[in-house]
Amino acid sequence: MKWVQKLSLTVVTAALINLDASVFAQSLPVAKKPEQVGFCSDKLEAITDDLQNRVDKQEIAGGVVIIARKGKIAYRQAVGLRDIEASESMKPDTIFRIASNSKIITGFAIHLLASDGLIDLKDPVSKYIPAFANMKVVVPGSSGQPNDYKTRRATKKITIEQLLNHTSGIDYNLNNHPILGPLLKQAEISDGYSTTPGTISEMVGRLAKLPLLFEPGTQWSYGLSSDILGYLVEVVSRQTLAEFLQERVFQPLEMNDTSFYVPPSKRNRLAAVYIPNFENGGLIRMGTTPKEIVPGFIMDEAYPYKTGDTYFSGGAGLVSTPDDYVRFLQMLLNKGKLKSRNGIKIVRIAKPKTVRKFLSVRDNDKEGNEVFQELFNIAGYKFTNGFFVKDDPNASNKPSSVGSFQWAGVYNTHYFADPKRKLIGVLMTQLFPYVQTDLRHKYESLTYEALAPNCKALVSE
50 MKWVQKLSLT
60 VVTAALINLD
70 ASVFAQSLPV
80 AKKPEQVGFC
90 SDKLEAITDD
100 LQNRVDKQEI
110 AGGVVIIARK
120 GKIAYRQAVG
130 LRDIEASESM
140 KPDTIFRIAS
150 NSKIITGFAI
160 HLLASDGLID
170 LKDPVSKYIP
180 AFANMKVVVP
190 GSSGQPNDYK
200 TRRATKKITI
210 EQLLNHTSGI
220 DYNLNNHPIL
230 GPLLKQAEIS
240 DGYSTTPGTI
250 SEMVGRLAKL
260 PLLFEPGTQW
270 SYGLSSDILG
280 YLVEVVSRQT
290 LAEFLQERVF
300 QPLEMNDTSF
310 YVPPSKRNRL
320 AAVYIPNFEN
330 GGLIRMGTTP
340 KEIVPGFIMD
350 EAYPYKTGDT
360 YFSGGAGLVS
370 TPDDYVRFLQ
380 MLLNKGKLKS
390 RNGIKIVRIA
400 KPKTVRKFLS
410 VRDNDKEGNE
420 VFQELFNIAG
430 YKFTNGFFVK
440 DDPNASNKPS
450 SVGSFQWAGV
460 YNTHYFADPK
470 RKLIGVLMTQ
480 LFPYVQTDLR
490 HKYESLTYEA
500 LAPNCKALVS
510 E
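Residue numbers (this note's numbering): 50 to 510.
Be aware that a few hints might be false.
Stated by the list, open to error - Below are the DSSO-like pairs computed for lysine-lysine, each with C-alpha atoms no more than 27 Å apart in a straight line:
1. Lys384 / Lys171
2. Lys206 / Lys258
3. Lys140 / Lys315
4. Lys315 / Lys355
5. Lys491 / Lys119
6. Lys176 / Lys258
7. Lys121 / Lys402
8. Lys185 / Lys415
9. Lys394 / Lys384
10. Lys206 / Lys406
11. Lys402 / Lys388
12. Lys447 / Lys121
13. Lys82 / Lys140
14. Lys491 / Lys81
15. Lys505 / Lys119
16. Lys82 / Lys491
17. Lys386 / Lys81
Read the hints as simulated data drawn from the structure, not as lab findings.
Quick caveat: nothing in here was measured; it's all calculated off a predicted structure.
Start from the sequences, fold in the hints, and give me the full structure.
Next up, the structure:
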């Protein structure tokens with residue numbers, strides 16, 4: 050195809066070198082050579098080769114990858130197109146819908162409130178949102194049919210901590226549960242992936258009337274817990290979630306393109322979302338009309354500019370750039386502080402003990418279910434505060450250190466951070482469904498393969 054033929058690796062790399070120096074200068078400091086922070090340049094190039102191969106095969110339209118170590122950018126590349134129809138090249142300043150990569154930021158906001166003394170993570174959420182005071186639990190009938198169920202009163206109250214680690218019993222539409230799925234759909238509960246009228250307050254009010262999947266704290270299920278946390282931020286702070294994050298996180302960290310809303314002045318930088326064309330091959334655009342693409346998944350690509358200024362989904366609603374996101378992750382590795390983009394001052398947004406607690410695994414945190422462990426290769430990881438943390442090296446086949454953390458968004462945005470190795474990886478593209486590619490696993494493994502002593506790099510401490 051014509052648009053694929055345009056994307057020679059040489060042309061893309063040259064364009065990056067010549068056109069985007071100003072963008073590079075605005076991110077973390079850039080290492081003069083990858084070898085200075087312990088990488089082999091030729092090994093890192095394998096990441097771009099892999100991305101380019103996927104573009105050539107029309108598996109993805111394009112993507113941006115950033116690898117940072119010891120507070121410096123070791124590698125940054127953009128490959129392919131961010132808009133096929135407009136023949137718009139992928140650039141480092143491309144804005145992506147980061148979906149569940151929003152969860153770590155919302156979880157961090159909760160920990161800021163706890164550090165401020167405004168909440169306790171052990172508190173029942175009903176202390177702040179009374180609608181959750183008298184929850185019920187689904188009891189499936191013997192037939193297994195969607196309408197064959199009863200409910201019983203929950204014996205435990207949902208705590209803030211259980212919302213953070215997704216043991217609350219709150220489910221997602223996307224899980225397509227035979228009982229809760231139809232109830233969520235009937236109540237017009239949004240997962241945050243589509244144009245959504247109204248406010249998060251209104252949605253949470255409807256959600257609180259529905260039964261739980263299980264008794265709080267007894268099991269793990271990926272769900273709308275982070276959206277409830279986002280509303281909790283609003284209740285406690287007396288600001289919208291957008292206002293709180295802007296004031297406490299995005300503005301001080303100079304994450305200038307991270308928000309729920311994409312204004313008209315930035316809309317041309319927002320990448321399009323694509324879906325594999327299973328019948329004829331290639332990619333087709335998701336489009337701007339909400340639709341149920343697969344059972345339980347109601348989505349469209351227009352929500353960041355249609356309702357992103359009114360509906361703030363703490364679990365899935367943010368947009369960002371790789372440059373912005375790597376700054377957030379670097380702040381965490383720096384235990385709550387970060388240099389300004391011009392390198393003149395250091396900004397602290399959280400206490401070191403707050404960040405340590407945020408990145409730690411609690412005794413009651415649980416592993417993802419078997420489906421998640423297999424799909425995301427996260428055996429040995431536990432879910433806490435909106436992301437997975439490596440807890441058991443004996444159960445994991447990854448080279449990452451204990452304490453490494455990571456997660457992904459449904460449109461194939463990914464991150465991992467290894468505090469022990471001072472390593473960060475961010476990869477963003479816009480492809481649904483997530484399971485259509487092993488992109489995430491590949492770029493993470495290639496990054497570790499490029500580290501000394503896996504290659505003969507000159508390590509400058």
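* Asked: Hint numbers the structure violates, sorted upward?
  -> none
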